[in-house]
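Chemist: Sequence:
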Amino acid sequence: MGIMMVDCLNNDTVRQFLCATQLAAINLKNISKEVDFILMILSHPILKKYPLKTTYITRFLKAIISQMENSGIELPDELYLKYVEFIQKESNEGPFYKHYVLDNDIISNELVESVITIQESISIVSQGTTGLCTWQAGIALSCWCFKNQDKLKDKFIIELGCGTGLSGISACINCRPSEYWFTDCHTTVLNTLRHNTQINETHHKFNCKYDIVQFSWNDIEGLKMFEKKKPDLILAADVIFDHTMFEPLCSSLRYFTNNNTTEILLFCTLRNPETYTKFLETLRKKCDIYLFMFKNNNKRCSRKNFTYFFFFSRKV
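Residue 68 in the UniProt record's numbering sits at position 68 of the sequence shown, with consecutive numbering throughout.
Read the hints as simulated data drawn from the structure, not as lab findings.
We treat Cβ as the ideally placed atom computed from N, Cα and C, and that holds for glycine.
Treat each hint with caution, since some may be false.
[Stated by the list, open to error] Below, in silico cross-link-like pairs of lysine-lysine (DSBU-like), each with a Cα-Cα straight-line distance of 35 Å or less: (1) 89 - 153; (2) 286 - 153; (3) 205 - 49; (4) 147 - 33; (5) 53 - 205; (6) 147 - 209; (7) 205 - 229; (8) 228 - 205; (9) 155 - 229; (10) 209 - 230; (11) 49 - 62; (12) 224 - 209; (13) 153 - 230; (14) 147 - 278; (15) 49 - 147; (16) 151 - 82; (17) 53 - 29; (18) 228 - 155; (19) 53 - 82; (20) 29 - 48; (21) 49 - 153; (22) 155 - 224; (23) 286 - 205; (24) 29 - 82; (25) 151 - 230; (26) 53 - 147; (27) 147 - 89; (28) 82 - 62; (29) 229 - 209; (30) 33 - 62; (31) 153 - 209.
[To be verified] If you anchor each label on the Cβ, the simulated ranges turn out as follows: (32) 23 - 76: 51 to 59 Å; (33) 213 - 285: 26 to 34 Å; (34) 24 - 148: 24 to 32 Å; (35) 203 - 4: 15 to 23 Å; (36) 203 - 247: 35 to 43 Å; (37) 213 - 259: 46 to 54 Å; (38) 176 - 67: 26 to 34 Å; (39) 66 - 88: 13 to 21 Å; (40) 148 - 259: 20 to 28 Å.
Taking the hints into account, I'd like the entire structure generated from these sequences.
Modeler: What follows is the structure, given as structure tokens:
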């Protein structure tokens, strides 16, 4: 019996490859048992239409070959030929894509039905913003939304600093909110987001109304657009890294919590403890809130630990 795509998509190494995980984070000790999965994925039309960066693929294949050679395992001819094929290709200059599999129990045998495809920049900072690549906390938030669909169902949700849109696209497809607003302040980010929603709408049904809105935390007047319709839930991921933006961010959060009904969920990666502490100090000064903190250690979503905090101003 041949390999089924559903088996590929339930394989951790395949999932890590599809979203171009750093090679140092991928365990290749048992790769000889997974080579056929990788070769099958590489031949799929979706990777031709929405390609990963060529140099990442060649480095990944080279790492597989080295691991197998060091273990004394004979290389399949197809693996070596595929490696040579990508070496001889000119390095693609973009755009580049990553493909995220969030479900831990894939049942569909169709790749396009199981992945969220996102165009991203290969640079951490590009065109004056960090919003053109998907950060680890964004992946963690996407996984959280997928696992907590009941908490988002029938809610009016606003995402702050939506970036490439992975979290929001996942929520629109899987969680059935009543309405979802993607917001960011950068025009380039919002244009990339529009492209990403268009890609995924060709393969998935978006189960809610959604809107793409340009909004800066510094824009006090811009907050008036939310006066007539109050959100039930505010989401944000990896917005806590620039201390100069803490004041406007927390002012916006205070505005949303003033109605005593809006709940807020933030995911962040703990990189610099001082930055994190500074944000919490600013938050407590700006917002009269109850603050709850949890750890998220879902290894399938990420190799790092995340703290996410869930808070609201409603009395309990």
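Chemist: Next, verify each hint and record whether it holds.
Modeler: Hints, verified against the model:
1. Distance hint between residue 89 and residue 153 is unfulfilled; the C-alpha atoms sit about 45 Å from each other, more than 35 Å.
2. Taking the CA atoms of residue 286 and residue 153, the gap is about 29 Å. The hint holds against a cut of 35 Å.
3. Taken as a hint, the residue 205 and residue 49 pair is honoured in the structure, with Cα atoms around 20 Å apart against an allowance of 35 Å.
4. A hinted pair counts as satisfied when its Cα atoms are at most 35 Å apart, and residue 147 with residue 33 qualifies at roughly 29 Å.
5. Taking the CA atoms of residue 53 and residue 205, the gap is near 27 Å; set against the 35 Å cutoff, the hint holds.
6. The suggested pairing of residue 147 with residue 209 holds, with an alpha-carbon distance near 21 Å, which does not exceed 35 Å.
7. With a C-alpha separation of about 25 Å, the suggested pairing of residue 205 with residue 229 holds against the 35 Å cut-off.
8. About 28 Å separates the Cα atoms of residue 228 and residue 205, which keeps this hinted pair within 35 Å; it holds.
9. Of the pairs offered as hints, the one joining residue 155 and residue 229 holds, with about 12 Å between alpha carbons and a cut-off of 35 Å not exceeded.
10. Using a Cα cut-off of 35 Å, the hinted pair residue 209 and residue 230 holds, with the two alpha carbons roughly 16 Å apart.
11. Simply put, residue 49 and residue 62 have alpha-carbon atoms about 23 Å apart, close enough for the 35 Å limit, and the pair holds.
12. Simply put, residue 224 and residue 209 have alpha-carbon atoms about 21 Å apart, close enough for the 35 Å limit, and the pair holds.
13. Distance restraint check for residue 153 and residue 230: the Cα-Cα separation of roughly 16 Å lies within the 35 Å cut-off, and the hinted pair is therefore satisfied.
14. Annotation: proposed proximity of residue 147 to residue 278 holds, straight-line Cα distance about 30 Å (limit 35 Å).
15. Under the criterion of a C-alpha separation no larger than 35 Å, the hint pairing residue 49 with residue 147 is consistent with the structure, at around 29 Å.
16. This hinted pair does not check out: residue 151 and residue 82 have alpha carbons roughly 44 Å apart, beyond 35 Å.
17. Straight-line distance between C-alpha atoms of residue 53 and residue 29 comes to about 24 Å, which keeps the hinted pair within the 35 Å bound.
18. Using a Cα cut-off of 35 Å, the hinted pair residue 228 and residue 155 holds, with the two alpha carbons roughly 16 Å apart.
19. Among the hinted pairs, residue 53 with residue 82 is consistent with the structure: their alpha-carbon atoms are about 15 Å apart, no more than 35 Å.
20. For a cut-off of 35 Å, the pair hint linking residue 29 to residue 48 stands: about 28 Å separates their Cα positions.
21. Between residue 49 and residue 153 the alpha-carbon distance is near 32 Å, which keeps this suggested pair within the 35 Å criterion.
22. Of the pairs offered as hints, the one joining residue 155 and residue 224 holds, with about 20 Å between alpha carbons and a cut-off of 35 Å not exceeded.
23. Between residue 286 and residue 205, the direct Cα distance comes to roughly 39 Å. Violation of the 35 Å bound is thereby established for this hinted pair.
24. Taking the CA atoms of residue 29 and residue 82, the gap is about 20 Å. The hint holds against a cut of 35 Å.
25. Restraint check for residue 151 and residue 230: satisfied, since their Cα atoms lie roughly 17 Å apart, inside the 35 Å limit.
26. Between residue 53 and residue 147 the alpha-carbon distance is near 30 Å, which keeps this suggested pair within the 35 Å criterion.
27. A distance of roughly 40 Å separates the Cα atoms of residue 147 and residue 89; the hinted pair therefore is violated under the 35 Å criterion.
28. As the CA atoms of residue 82 and residue 62 are separated by approximately 10 Å, the hinted pair is consistent with the 35 Å bound.
29. About 14 Å separates the Cα atoms of residue 229 and residue 209, which keeps this hinted pair within 35 Å; it holds.
30. For the hint linking residue 33 to residue 62, the alpha-carbon distance of about 16 Å falls within 35 Å, and the restraint holds.
31. Under the criterion of a C-alpha separation no larger than 35 Å, the hint pairing residue 153 with residue 209 is consistent with the structure, at around 12 Å.
32. Between residue 23 and residue 76, the C-beta spacing of about 20 Å breaks the proposed range 51 to 59 Å.
33. With their beta carbons about 27 Å apart, residue 213 and residue 285 fall inside the hinted range of 26 to 34 Å.
34. About 30 Å separates the C-beta atoms of residue 24 and residue 148, a value consistent with the hinted range of 24 to 32 Å.
35. Between residue 203 and residue 4 the CB atoms are about 19 Å apart, so this pair conforms to the stated range of 15 to 23 Å.
36. At about 41 Å, the beta-carbon gap between residue 203 and residue 247 stays in the expected band of 35 to 43 Å.
37. Under the hint 46 to 54 Å, the C-beta atoms of residue 213 and residue 259, about 19 Å apart, miss the expected range.
38. Checked against the hint of 26 to 34 Å, the C-beta distance between residue 176 and residue 67 comes to roughly 42 Å, which is inconsistent with it.
39. At roughly 19 Å, the beta-carbon separation of residue 66 and residue 88 lies within the given 13 to 21 Å, and the hint holds.
40. Against the hinted window of 20 to 28 Å, the Cβ-Cβ separation of residue 148 and residue 259 comes to about 22 Å, which satisfies the hint.
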